[in-house]
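Number of protein chains: 2
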Amino acid sequence: MTGQSGSSCGACKFLRRKCTSKCIFSPYFCYPEGASHFAAIHKVFGASNVSKLLSKIPQQNRSEAAISICYEALARMQDPIYGCVAQIFALEQQIASLQEEIDQLVNYMAYDSFNLPNQESLQDLNNMNTWLPFSFGVDDMSI
Amino acid sequence: MTGQSGSSCGACKFLRRKCTSKCIFSPYFCYPEGASHFAAIHKVFGASNVSKLLSKIPQQNRSEAAISICYEALARMQDPIYGCVAQIFALEQQIASLQEEIDQLVNYMAYDSFNLPNQESLQDLNNMNTWLPFSFGVDDMSI
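These protein sequences, in sequence, are chains A and B. All letters in the first sequence, in the order written, are residues 1 to 143 by this note's numbering. All letters in the second sequence, in the order written, are residues 1001 to 1143 by this note's numbering.
Note that these hints are calculated values from the structure, not bench results. A few of these clues could be false.
What the hints assert, rightly or not - With beta-carbon atoms standing in for the labels, derived distance ranges:
#, chain 1, residue 1, chain 2, residue 2, range
1, B, Val1106, A, Arg16, 51 to 61 Å
2, A, Met77, B, Tyr1031, 21 to 31 Å
3, A, Glu64, B, Thr1020, 34 to 44 Å
Please read all numbers here as calculations on a predicted model, not as lab measurements. Beta carbons: idealized from backbone N, C-alpha and C, even for Gly.
Kindly produce the complete structure, drawing on both the sequences and the hints.
Right, dumping it as structure tokens:
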């Protein structure tokens, strides 16, 4: 007997066993790379552990669980030291960098809008006269 | 015989076995929560899989590997559907949000600095006269 899709799922192909209609893996590993992805899952988590994990998750959430388990397994195969935690580090660094960029922009805007202008910004104001449809004069350059 | 620290490591405590000087886990699970953390690792990955994984990693990188494995296991126990992938989703959303904030700030600055001023910004320019140490006049309010 075969799994839900009519042929053995990737998990059963990898495990070389018959795929029955009760196979817990078949709804989530019936795609071309199913067997190779399950090989990674088996190596990292073990088929038995994943089977137990899936069986304890409500049916409607098992697909997301299978995807996230597969993602973690493939990441661990690619980076045995950090696995997908490497991506968490990278994203956290990216967030710190973006936050710094925002702080700089906000500081620049606050300085530009509310503080007394320095020589450079006064020069910018004068340069604006060259293209603005009106002109204004800076009476006192010394602050 | 005991592990490197002189007492059984958390892994051997959990597995109820003697901890020898050759224990692959002892350098990384000799802390108060070592046994409970290893219980999560064992449930999610299996002790045997983690032992194999660590043995294939260079000695100097095993500590980071043990930490990242522990992190993944605890995240999976807390969130059986997404595990630590939930954090990756959350961080990616945060990045999208920060990027949007930067785009808005940059657009605002570009408008504020380089576009023709509208009536509101001309009024702002006049209002600046009340506190700037110099004054400028807007010759033509109609654009």
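Against the structure, the hints come out as follows:
1. Val1106/B and Arg16/A have their C-beta atoms about 57 Å apart, which keeps the hinted 51 to 61 Å range intact.
2. The hinted range of 21 to 31 Å is satisfied by Met77/A and Tyr1031/B, whose Cβ atoms lie roughly 28 Å apart.
3. At roughly 41 Å, the beta-carbon separation of Glu64/A and Thr1020/B lies within the given 34 to 44 Å, and the hint holds.
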